[in-house]
Amino acid sequence: GQNIDQPTEMTATEGAIVQINCTYQTSGFNGLFWYQQHAGEAPTFLSYNVLDGLEEKGRFSSFLSRSKGYSYLLLKELQMKDSASYLCASVDNAGNMLTFGGGTRLMVKP
Amino acid sequence: GAVVSQHPSRVICKSGTSVKIECRSLDFQATTMFWYRQFPKQSLMLMATSNEGSKATYEQGVEKDKFLINHASLTLSTLTVTSAHPEDSSFYICSARISSTEAFFGQGTRLTVV
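Protein chains in written order, with my numbering: chain R, -10 to 99; chain G, 339 to 452.
Don't take each hint at face value.
The calculated lysine to any residue pairs, modelled on SDA-like cross-linking and capped at a C-alpha distance of 25 Å, are [to be verified]:
(1) G:K379 with R:P99
(2) G:K379 with R:E45
(3) R:K70 with G:F429
(4) G:K379 with R:Q68
(5) R:K70 with G:K393
(6) R:K98 with R:T15
(7) G:K379 with R:L63
(8) G:K379 with R:D(-6)
(9) R:K70 with G:K358
(10) G:K358 with R:E(-2)
(11) G:K379 with R:M96
(12) G:K393 with G:F405
(13) G:K379 with R:D41
(14) G:K379 with R:Y61
(15) G:K352 with R:E30
(16) G:K379 with R:L35
(17) R:K70 with G:V341
(18) G:K393 with R:T88
Covered, in the sense of this in silico footprint (three residues per stretch, anywhere, with C-beta under 8 Å from a C-beta of chain G), are these stretches of chain R [what the hints assert, rightly or not]:
(19) 25 to 34
(20) 66 to 72
Hints were generated in silico from the structure; no laboratory data involved.
From the three backbone atoms N, C-alpha and C, an ideal C-beta is built for every residue, glycine too.
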């Protein structure tokens, strides 16, 4: 089975940096996704990591450590529009099914 | 880019009626699609895996006779909520993977049963 944990809520200030952590315990692992979801909308793809290390994409970076079962999403130069839920999801061995964590609701304040 | 189109985006139905939600892959063929349900302030919960040309695989606790899934072609999967009740009110989202690194979601369907 899959067990994925991430903090429920976080608050940060506009212009700052925030790190959202995700730990996972899975019987099979084939990569980890991060998604952003605004209220009432479908999730949008942010990143995919399958190898250890940091992947940077503009203001967003994602890190994975397979040996530790740990990932984080790093958001720099926070903007008000970054207020959303951030979901991490692991991929099963078959490479198809996504299992989601509970999501982290990020509030960015002025 | 690849797009997954889902409709309707919102539907209100009376208790006891059935509602069909469609999920289409617009510029790629999806042999497998996934249906998720999301209650307010909660994460996405996988309901079932829809396989083209065969029966869907349902997650534990999801009633297959209540949530009928049909994947008749490589570009269309449908979810029918039968005999809907107020507790079925939720956000339903379909998803398809087109490669090992890309997964796309439909726009989601907000179902309200009154």
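Do the alpha carbons of K393 (chain G) and F405 (chain G) lie within 25 Å of each other, as the hint requires?
12 Å, holds
Sort out whether F429 (chain G) lies within 25 Å of K70 (chain R), counting only the CA atoms.
22 Å, holds
Examine the region 25 to 34 of chain R: at least three residues should have C-beta closer than 8 Å to a C-beta of chain G.
holds (count 6)
Given the hinted pair K70 (chain R) and K358 (chain G), is their alpha-carbon gap at most 25 Å?
At roughly 33 Å apart (the allowed maximum being 25 Å), K358 (chain G) and K70 (chain R) break the hint.
Going straight from one Cα to the other, do K379 (chain G) and L35 (chain R) come out at no more than 25 Å?
20 Å, holds
Decide if the proposed pair is consistent with the structure: K70 (chain R) and K393 (chain G), CA atoms, cutoff 25 Å inclusive.
Since the Cα atoms of K70 (chain R) and K393 (chain G) sit roughly 41 Å apart, the hinted pair is violated (cutoff 25 Å).
Would the hint linking K379 (chain G) and M96 (chain R) be met if the CA-CA limit is 25 Å?
14 Å, holds
Given pair status - Q68 (chain R), K379 (chain G), alpha carbons within 25 Å:
Between K379 (chain G) and Q68 (chain R) the Cα gap is close to 22 Å, so the pair holds against 25 Å.
Has the given pair, K379 (chain G) with D41 (chain R), been kept, meaning a C-alpha gap of at most 25 Å?
Violated, because 31 Å separates the two Cα atoms, which is more than 25 Å.
Given the hinted pair K379 (chain G) and D(-6) (chain R), is their Cα-Cα distance within 25 Å?
OK: K379 (chain G) and D(-6) (chain R) at ~15 Å, within 25 Å.
Would the pair K393 (chain G) and T88 (chain R) pass a check requiring their Cα atoms to be no farther apart than 25 Å?
It holds: about 21 Å lies between the C-alpha atoms, which stays within 25 Å.
Restraint check for K358 (chain G) with E(-2) (chain R), where alpha carbons must lie at most 25 Å apart
Violated: K358 (chain G) and E(-2) (chain R) sit about 34 Å apart, past 25 Å.
In this structure, the earlier hints numbered 2, 5, 6, 9, 10, 13, 20 are contradicted, and the remaining ones agree with it.
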